[in-house]
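Given chain C's structure and the hints, the job is docking chains V, U and S onto it.
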Amino acid sequence: MNPVYYLYLAALLFTIGAAGVLIRRNAIVVFMCIELMLNACNLAFVTFSRMHGNLDGQIIAFFTMVVAAAEVVVGLAIIVSIFRTRHSASVDDASLMKL
Amino acid sequence: MSFPLLTATAVVPAIGAIATAAVPAAKRTAAKWLALLFSLATLSLAAVIAVRFDPGAKGPFQLTESHAWIQDFGVRYDLGVDGIAVALIALTALLIPFVILAGWHDADPSPSSQLRSSRGGPNEGAEPNRPYSWRPTQGFFALILAVEAMVVLSFEATDVFLFYIFFEAMLIPMYFLIGGFGDRAGGRGEQQAAAQRSYAAVKFLLYNLVGGLIMLAAVIGLYAVTAHQLGAGTFSLPQIVQARASGALTLGTGTERLLFLGFFFAFAVKAPLWPLHTWLPNAMGEATSPVAVLITAVVDKVGTFAMLRFCLQLFPEASSWATPVILVLSLISIVYGALLAVGQRDIKRLIAYASISHFGFIILGIFAMTSQGQGGATLYMVNHGISTAALMLVAGFLISRRGSRLIADYGGVQKVAPVLAGTFLVGGLATLSLPGLAPFISEFLVLVGTFSRYPVIGIIATLGIVLAALYVLVLYQRTMTGPVATEVRAMPDLKVRELVVVAPLIALLLFLGVYPKPLTDLVNPAVQHTLSVVDKKDPKPTVRVDAVPGGGRHGGTAQTQDVEAAK
Amino acid sequence: MENLIALLVAAPLVGAALLLCGGKRLDRTGHWIGSLLAVASFAVAVVLFADMLGKGAEHRALHQHLFSWIPVGGFRADIAFQLDQLSMTFVLLITGVGSLIHIYSIGYMEHDERRRRFFGYLNLFLAAMLLLVLADNYLLLYVGWEGVGLASYLLIGFWQHKPSAATAAKKAFLVNRVGDMGLSIAIMLMFTTFGTFAFGPVFAAAGDASEGRLTAIGLVLLLAACGKSAQVPLQSWLGDAMEGPTPVSALIHAATMVTAGVYLITRSGAIFNLAPDAQTAVVVVGAVTLLFGAIVGCAKDDIKKALAGSTMSQIGYMVLAAGLGPIGYAFAIMHLVTHGFFKAGLFLGAGSVMHGMNDEVDMRRYGGLRRYMPVTFVTFGLGYLAIIGFPGLSGFFSKDKIIEAAFARGGTEGWILGGAALLGAAITAFYMTRVMLMTFFGEKRWDPEEFHPHESPKVMTVPMIVLAVGSVFAGGLFSVGDAFVRWLEPVTSFAHGHSPVSAGVVTAATMVVLAIGVGIAWLMYGRKEVPATAPRGSLLTRAARRDLLQDDFNHVVLVRGGEHLTRTLVYLDHSLVDGAVNGTAAAMGGLSSRLRQLQTGFVRSYAVQMLGGAAVLVAATLLMRGV
Amino acid sequence: MMGLAAAASSGEAVQFWILGIVAVAGALCTIMMRRAVHSALSLAGTMIVLAVFYLANGAYFLGVVQVVVYTGAIMMLFLFVVMLVGVTAADSLKETLKGQRWLAAGLGVGFGILLIAGIGNAALKEFNGLGDANAGGNVQGLAALIFTKYVFAFEITGALLITAVVGAMVLTHRERTERARTQRERSEARIREGRQVTPLPAPGVYARHNAVDIPGLLPDGTPSELTVSPTLRERGQVRDVSGQSLAELKALEQRSEEWLGRESGRPGKKRPGPAAPKEEAQK
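Chains as they are written, first to last, in this note's numbering: chain C, 171 to 269; chain V, 6 to 572; chain U, -19 to 607; chain S, 3 to 285.
With the rest of the complex left out, here is chain C (with noise of 0.2 angstroms):
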């Protein structure tokens, strides 16, 4: 069976997860939307690096993996803090940026 299709999953993931993305309005739920995008990238980038026979793509995997916690560490954080002062961790009341 040909690996290609690991990179077609990964595509629908993506989207998947982007979807996820627009259409959630609770902010954890888009956060685990976004690490579902990035989960897929990661297999396309291990796919990858099979087809090519290199490792570097699960390095670049690896690394995404590092900057994906860092990233949920500090985006769970945030929600927590607003959900703290605005008891709301839906992401359309933080529509500050509104003029």
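Warning: the hint list may mix true and false statements.
Unchecked claim - Pairs of lysine to aspartate or glutamate, EDC-like flavour, derived with a Cα cap of 20 angstroms:
(1) U:142 - V:414
(2) V:545 - U:191
(3) V:545 - U:430
(4) S:100 - C:262
(5) V:420 - U:92
(6) S:151 - C:226
(7) U:142 - V:492
(8) V:420 - U:90
(9) U:438 - U:-18
(10) U:142 - U:342
(11) U:142 - U:339
(12) U:4 - V:498
(13) V:420 - U:191
(14) V:420 - U:188
(15) V:63 - V:526
(16) S:151 - S:177
What the hints assert, rightly or not - If the Cβ cut is set under 8 angstroms, some of the chain U residues that face chain S in the computed set are:
(17) 581
(18) 583
(19) 584
(20) 594
(21) 598
(22) 604
To be verified - Take a look, some chain U residues computed to stay more than 10 angstroms from chain V by CB distance:
(23) 169
(24) 350
(25) 587
The hints are simulated quantities; they were obtained by calculation from the structure and are not laboratory data. For every residue, glycine included, the Cβ atom is placed at its ideal position computed from N, Cα and C.
Chains V, U and S only, in chain C's frame:
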């Protein structure tokens, strides 16, 4: 040249600006005197330039200075003056002291309400409730000197880019001067006056910025063309002119026209040409009269001057291509401005529209492409500067006495303040270019120059003479004559300071009206050079007049015609 | 000798400068200084005149070149004077009458606290007028031309507190400016045609120019003359100009300034002679004006306005004569001089009357004044006889010659012009008699309590007497052996016209119409009682009272129209020109506020946009690779 | 380990298809589920599947890391936060932004199509599998790369992680700006404002389980909000039992009445009692 005279002339006022701004808030009078001192120093330097300048010398520019500035773009710090520039520098340096003297009390901090509004302009960065944190007086005079410095430098610059920089930078101090300081004669409440002022200031800024940006595009375009054709791009006016003459540089017709329009647009905004004029009445109406003089007599001259120096010399073909349109536009300016001046109710706006009409004359003369036209236009720049200064400053004194700009609020001033009325009348007569006063000569030269090439336009332009008489005399009649209005009954006559401001101007008007030769001698070679660059000759008279017996001096005329013919 | 010419102009100029800038300290002596300088100028003129008489006719013209004024390219204007017989005549007239009127004004303006300034203005006028007649090129002439305009503006509006005076002054200047337009266009035309506008070269080269150009030049010069000399259609200012003090009316608006137009035409004879069409225009204007002025003069009850009408008509005579060419120039100037005498005398007389009747000008409130102010009566009467052309007095000689010349033009034109001139003579006789009768004869129509008519002081009467003498003898003196004509001949080139009717007949006819005019006037005003309030009068009378409605026409067409025009333009400037700019600004604002709607502030809509962007990018890259 | 030939085995194909479906299903559940907890769990599932795929692709180290870091740490962090914010705080899936959902769907689909198309027409034919790359062992290979070629990046990620930790602390840890108010002050404040002078009433009637979420009842039987902690109120996790308790009260009276007046027994009214418990059970 060992001593950088031109640089010094520009630097002195700049230093003056800084020094004046640095004077502590309490020492207001000291600041004024300091500013006056520096302006006088500049005047003396300008006088030195005028003396050092040799009209007969070869080469377009003299007293040149040249230093590399931005090698990568071939931008150089090139200065040099021709007769026209010398005349205008002299004018600028001459007017500034009078402007400062006339505005002696215009920027004094006033009762808090007015203070807040007088600083209600755009330059209020400080918090509103600290009366002396902002120092209006120092700021006012420092800004004036800054303007002078930039104007002088833009008269001297022979590098297009250098010129552009100061041409634009001028806007900043002007913006603050217009928006920050007003005569307390709005008639309407101070708050509204402040609003009006900042509106006028913003309008001034936007108009000129738009023009400037379009010009910037053209400047860059010019650089690109030169870089493409000469190998190394350059902004140097003499180089480009010389390259064009030698054929090393040949602009495509389309390119040249576009570039020309880019330049001309900026200058047409600056020297308000119909229909780009509407910023001027607002600016002059809202600003204090010294600032108004600064606008119309000094800053706007840069526009017309630049048409003469840059538009014509850089793009001769395009200039002659655009001439018809420009002539018509300036003709419209003349008649239109005059008619609107007749219709004004506000003294300063009236003078503003009169200026528009006069700028119409100047541009008409420039693009008539005859030695009379351009020489007249140059004289016109100088004379209009002086005459408008006289009229506007006296009007300012009048307004400051009555606290109103509306013509209807005056009447019979002549009876209570004869000297004021007299000087006002002389200023007015100069504005309607009465023979014997300087503006007549320039206006007539412009008319003759235009007529000799475009008779119809010349004839229509002479309508301006009648209309000018109309608005000036109507203004004089409504303000100065008739029964004395109750409000002006106690109006004091001109004070010594004000006389010191007006008298020299009037004397100068008379002198230049009777004996303009020094000025013409200064200007003529430069005009001839411009014409030779544009490759235009004066149309020859249809009938050759030979020297007639009894009129020996007319031989001179005939000879000059031979010279003209030989050209 | 030449160097004295500048002195002519300089003396009054210095006076003006002194008096206007001198300040209060000159208030007490100012009028003496002014008069002294005027007299000094006159003295210089006399000296020059004597010198000129000493020379042969051909070598009388003097030149003085002061300095080069405006040298720009081929454009050369010099400050240079030319004093030939024509200029000399004017100089004598101006300085002479001017001096007399200065002296007269000392008395007349005694009670005016701004007398110093008045004399300053008078001096300024003298200087400008002398410059006008002495200039050797048209541009310098133009300076004088506008200078006298300025002086007349200042003097008409001298009593500025009166709105009517201020308005009249403004009107005079504006109408004159229209004429000046003509002059400046003429100068431009000359420059483009000849490359110069100095008298000598222009006249020398006039022959080579095409007739069309010469006609054009002539017509614009005529326009200028109309403005300055109050000829139809630019005559409307002269009547209002009577708002000024009477000496001013005498000097400027009767004797000298208003005749500048005649000077211009005569001076430019070389051009007119070569442009017959222009000449025709000139004579037409002259003929029309002489009738127009005369008719207006008949209807006015204001003594000064009546005299103003007569001035207009007399100048019409001069212009007519000047338009006739070489056969008329000399007579035009001669009539100009004699008119200068008697009209100035008449005005001074009127001033004296007003002086005695505390500034009442309505002749219907006069009557029977001859007993109260005999000197005035006599001098005025002599002036009267002179102007109607009573045999033996100045007017007779000059006017008679003009009428002859008019006939001499020949053809129907000749008859028409001659007829007009004769008719004018009749009407002149009529209205002058009317003035005379209403003022000095009949019984008093004024209230003895209110008015205390009295003879004016010596300082006023003496000039009147001098002028009266002049108006009696000048004409006769001039025509002794055509002295005047031969005197002017070198400049104006005299030619004898061939009149279809002999001189004698013309003279007889003149006498007849004269008698008729006087008779009618006597029937209307001498025999019957003059009503103290003007009767409604016939349609013509009412029209004539309103300057034949010409003023109303101006008002409706020019003033009203102009006001509307400016008002619309002001509106348009605000709404259209400015509106366009503000409109674009507003459009920008609107657009941006539309775009602002995209900024919902919801993270997710931003996310949508980001994803869209990403999609576009991917698509782009794919397409790139595809291509 | 040697099974990683260039072309994957059919066994892998089977595994791919099965687990792939699971992964997609998990992903879909993640974005469909109303409750954050469920989303988190299904996401965890997807991640585990991905871990397996990593392994299948010869990224052994990553597979393990995936399980440990993601499924272990990160997802637990998620759950923790979800708990903190409220397990049952389900956000309604009703869209508030106009057209957002359709835009999202459209864009998503379009984007996916684009990606897939891109992958499709990308020339990805050559497969030199990880055989020789992983020869010295996958972890060693990674280590070799990380500490030679990517050492700087590695260091930087370290810095990044530390920064992240500090940032998280800064964000979540709330500084106490003013002195804590003593009990005395608080009581005084209570007295001053006059409302609720006494301590808050305790929650929980009929404590049949940890009933912090059951408000106490006022004498008239209505629940008093004051008795439950604000957090629960915030999350809307208050269980209202007032109706039930009233019903039970009625039943009690009924029964006692029966016991007292046996003679007047109405068979019709025999068994209303258990009605209440039943309905409670349903609750």
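Going through the hints against the structure:
1. U:142 - V:414: Roughly 18 angstroms between the alpha carbons, so the hint for residue 142 (chain U) and residue 414 (chain V) holds.
2. V:545 - U:191: Roughly 19 angstroms separates the two Cα atoms, so the pair holds.
3. V:545 - U:430: Not OK: residue 545 (chain V) and residue 430 (chain U) at ~70 angstroms, beyond 20 angstroms, violated.
4. S:100 - C:262: Holds. Residue 100 (chain S) to residue 262 (chain C) sits at ~13 angstroms (cutoff 20 angstroms).
5. V:420 - U:92: Holds: residue 420 (chain V) and residue 92 (chain U) sit about 13 angstroms apart, inside 20 angstroms.
6. S:151 - C:226: holds, 10 angstroms
7. U:142 - V:492: Judged against 20 angstroms, a Cα distance of about 18 angstroms means the pair holds.
8. V:420 - U:90: Satisfied, since the Cα-Cα distance of roughly 19 angstroms is no more than 20 angstroms.
9. U:438 - U:-18: violated, 37 angstroms
10. U:142 - U:342: holds, 18 angstroms
11. U:142 - U:339: Holds, at roughly 14 angstroms.
12. U:4 - V:498: Roughly 14 angstroms separates the two Cα atoms, so the pair holds.
13. V:420 - U:191: violated, 53 angstroms
14. V:420 - U:188: With a Cα-Cα distance of about 56 angstroms, the restraint between residue 420 (chain V) and residue 188 (chain U) is violated, given a limit of 20 angstroms.
15. V:63 - V:526: Given pair residue 63 (chain V), residue 526 (chain V) holds - Cα atoms ~15 angstroms apart, limit 20 angstroms.
16. S:151 - S:177: violated, 42 angstroms
17. 581: At 11 angstroms from the nearest chain S Cβ, residue 581 (chain U) fails the 8 angstroms test, so the hint is violated.
18. 583: Hint violated; residue 583 (chain U) Cβ to chain S Cβ min 10 angstroms, cut 8 angstroms.
19. 584: Check passed: Cβ of residue 584 (chain U) comes within 6 angstroms of chain S, closer than 8 angstroms.
20. 594: holds, 7 angstroms
21. 598: Because about 5 angstroms separates residue 598 (chain U) from the closest Cβ in chain S, which is inside the 8 angstroms limit, the hint holds.
22. 604: This interface hint is violated because 11 angstroms lies over the 8 angstroms limit.
23. 169: About 8 angstroms separates residue 169 (chain U) from the closest Cβ of chain V, which leaves it inside 10 angstroms; violated.
24. 350: Residue 350 (chain U) is indeed farther than 10 angstroms from all Cβ atoms of chain V, at 38 angstroms.
25. 587: holds, 36 angstroms
Hints 3, 9, 13, 14, 16, 17, 18, 22 and 23 from the earlier list are contradicted by this structure; the remaining hints agree with it.
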